[in-house]
Amino acid sequence: DMKVTQMPRYLIKRMGENVLLECGQDMSHETMYWYRQDPGLGLQLIYISYDVDSNSEGDIPKGYRVSRKKREHFSLILDSAKTNQTSVYFCASTPRDRQAPLFGEGTRLSVL
Amino acid sequence: AQSVDQPDAHVTLSEGASLELRCSYSYSAAPYLFWYVQYPGQSLQFLLKYITGDTVVKGTKGFEAEFRKSNSSFNLKKSPAHWSDSAKYFCALEGSTGGNNKLTFGQGTVLSVIP
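Chains as they are written, first to last, in this note's numbering: chain S, 50 to 161; chain A, 1214 to 1328.
Treat the hints with care, since some could be wrong.
[As the list claims (entries may be wrong)] Lysine-lysine pairs mimicking DSSO-like chemistry, simulated, CA-CA at most 30 Å apart:
hint, chain 1, residue 1, chain 2, residue 2
1, S, K62, A, K1301
2, A, K1262, S, K52
3, A, K1290, A, K1271
[What the hints assert, rightly or not] Derived Cβ-Cβ restraints for the label pairs, each shown as a range:
hint, chain 1, residue 1, chain 2, residue 2, range
4, A, T1273, S, S77, 23 to 29 Å
5, S, P144, A, I1327, 37 to 43 Å
6, A, S1325, S, K118, 41 to 47 Å
7, A, K1290, S, M51, 23 to 29 Å
8, A, T1225, S, Y59, 27 to 33 Å
9, A, T1273, S, R120, 37 to 43 Å
10, A, H1223, S, D100, 48 to 54 Å
11, A, L1226, S, H122, 22 to 28 Å
12, S, Q148, A, S1297, 34 to 40 Å
13, A, I1327, S, R114, 41 to 47 Å
14, A, T1225, S, S116, 22 to 28 Å
15, A, Q1258, S, S103, 26 to 32 Å
16, S, S116, A, S1231, 44 to 50 Å
Everything labelled a hint here was simulated from the structure, so no lab data went into it. Glycine residues also receive a C-beta, built at the ideal position from the N, C-alpha and C atoms.
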């Protein structure tokens, strides 16, 4: 069954702590995304990855970095988290042939 | 640059009525367009897509959308609407040039269908 898995689903951190959000897919999709969703703002693209070690900034990359060392796994890292990074984070993946991206269940992050 | 606009933040209608959710886009080349639905507390589920060809595309859950190049729109439709269609709907555009793959979303429309 095709699935994008995000871990953890819920996370509470203090301001200044480091945060690691993980995303996995077993479909060998080349392209993966990280988005954040805030009330009234839709989904904003943070980073896009075209394959291993081939990452590109999205629309709001400031304060985030990513890592993709295996095609199946795409991590989002917040170094020294800020309270305005409290949000729901979604990961998605897609093959290159214009198939609709498949989304994970999301990670709800609270930075206190 | 690419952008998507969903001008209606909320749409409310009665069960049995026809629904149409508006989406307009801005993109200099041929767009790839998608609609997703999000139920409260859940992730996004794919409804339908337009890549090329027929301008009316049919998707899951009885939805369809019409691509109109003349006014850069991709409106979502369903008739009749059911109370279970109540959710938030997102229109999205993927760039088609230079291996872009950048997927841009509109702000979303919250649909409330009153039984």
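Hints versus structure:
Using a Cα cut-off of 30 Å, the hinted pair K62 (chain S) and K1301 (chain A) holds, with the two alpha carbons roughly 28 Å apart. About 19 Å separates the Cα atoms of K1262 (chain A) and K52 (chain S), which keeps this hinted pair within 30 Å; it holds. As the CA atoms of K1290 (chain A) and K1271 (chain A) are separated by approximately 10 Å, the hinted pair is consistent with the 30 Å bound. The given range of 23 to 29 Å is respected by T1273 (chain A) and S77 (chain S), whose C-beta atoms sit roughly 24 Å from each other.
Roughly 40 Å separates the CB atoms of P144 (chain S) and I1327 (chain A), a value that falls within the hinted 37 to 43 Å. For the hinted restraint 41 to 47 Å between S1325 (chain A) and K118 (chain S), the CB-CB distance of approximately 44 Å keeps it satisfied. A C-beta distance of roughly 27 Å is found between K1290 (chain A) and M51 (chain S), which places it inside the suggested range of 23 to 29 Å. Take T1225 (chain A) and Y59 (chain S): their Cβ atoms lie about 31 Å apart, and the range 27 to 33 Å holds.
The hinted window of 37 to 43 Å between T1273 (chain A) and R120 (chain S) is violated, with their beta carbons roughly 28 Å apart. Taken as a hint, the range 48 to 54 Å is violated for the pair H1223 (chain A) and D100 (chain S), whose Cβ atoms sit roughly 40 Å apart. Remark: the range hint 22 to 28 Å for L1226 (chain A) to H122 (chain S) is contradicted by a beta-carbon distance near 43 Å. For Q148 (chain S) and S1297 (chain A), the Cβ-Cβ distance of about 26 Å falls outside the hinted range of 34 to 40 Å, so the restraint is violated.
Roughly 45 Å separates the CB atoms of I1327 (chain A) and R114 (chain S), a value that falls within the hinted 41 to 47 Å. At roughly 44 Å, the beta carbons of T1225 (chain A) and S116 (chain S) sit outside the given window of 22 to 28 Å. Roughly 28 Å separates the CB atoms of Q1258 (chain A) and S103 (chain S), a value that falls within the hinted 26 to 32 Å. Range check, S116 (chain S) to S1231 (chain A): about 47 Å between beta-carbon atoms, so the 44 to 50 Å window is met.
In summary, the structure is inconsistent with hints 9, 10, 11, 12 and 14 from the numbered list given earlier, while agreeing with the others.
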